[in-house]
Amino acid sequence: MADDIDADTSEMDALARDLSALADIIPRKVRQAVQQTAIKGKDFWQADASVKASRSTAGYPGSIDYELKGSVIGGGTVEGEVGPNLSRGGKTGKGGLQPSLGILEEAPGGVRAAPRQSIRRAYTFIEEELDKGVDIAIKQSEEARGL
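Residue numbering for the sequence shown follows my numbering, starting at 64 and increasing by one per position.
If you're looking for bench data, these hints aren't it; they were derived computationally from the structure. Worth double-checking, as some hints may not be accurate.
Across the chosen pairs, the derived CB separations fall in these ranges [unchecked claim]:
hint, residue 1, residue 2, range
1, Arg91, Thr187, 23 to 29 Å
2, Asp198, Asp76, 19 to 25 Å
3, Glu205, Arg118, 47 to 53 Å
4, Lys115, Arg208, 45 to 51 Å
5, Glu206, Gln180, 36 to 42 Å
Derived lysine-lysine pairs resembling DSBU-like cross-links, with alpha carbons at most 30 Å apart [to be verified]:
hint, residue 1, residue 2
6, Lys92, Lys132
7, Lys115, Lys103
8, Lys103, Lys92
9, Lys195, Lys105
10, Lys115, Lys105
11, Lys115, Lys92
12, Lys132, Lys105
13, Lys115, Lys195
14, Lys92, Lys105
15, Lys202, Lys105
16, Lys115, Lys202
17, Lys132, Lys195
18, Lys103, Lys195
19, Lys195, Lys92
20, Lys202, Lys132
21, Lys103, Lys202
We treat Cβ as the ideally placed atom computed from N, Cα and C, and that holds for glycine.
Go ahead and model the full structure; you've got the sequences and the hints to work with.
Next up, the structure:
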């Protein structure tokens, strides 16, 4: 039955050729896009979490951090991770006293409060920003190659 499937892949083939011509530029630009998105996502999440911070959870927004992992050299992958970082919590911002407060994000009222869901808003924001950032990275790479 799979033999009956016919698809026009000419657009994908053309895109693959264009991207191959940009192989030396796009990885650097995409890494920049991922890093900028992670920074913007961290800032968004911190601001959103700060709106409902109380005295007992005041350290939570400051514990939200980002980390960039991987390498795009040689066809590798790069990823940005955004979220609470236990080593940044506490009163001093150097960790130790801030427990994981992920329960504030997901608890269905189990912490005598409605869940904050900052994580959901942050991930929606990050997804939109990453799409924009990758599009910009590709356009800049194409312009650099005169495509």
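Violated constraints from the hint list, given by number and in increasing order: Per hint list: 11, 16 violated.
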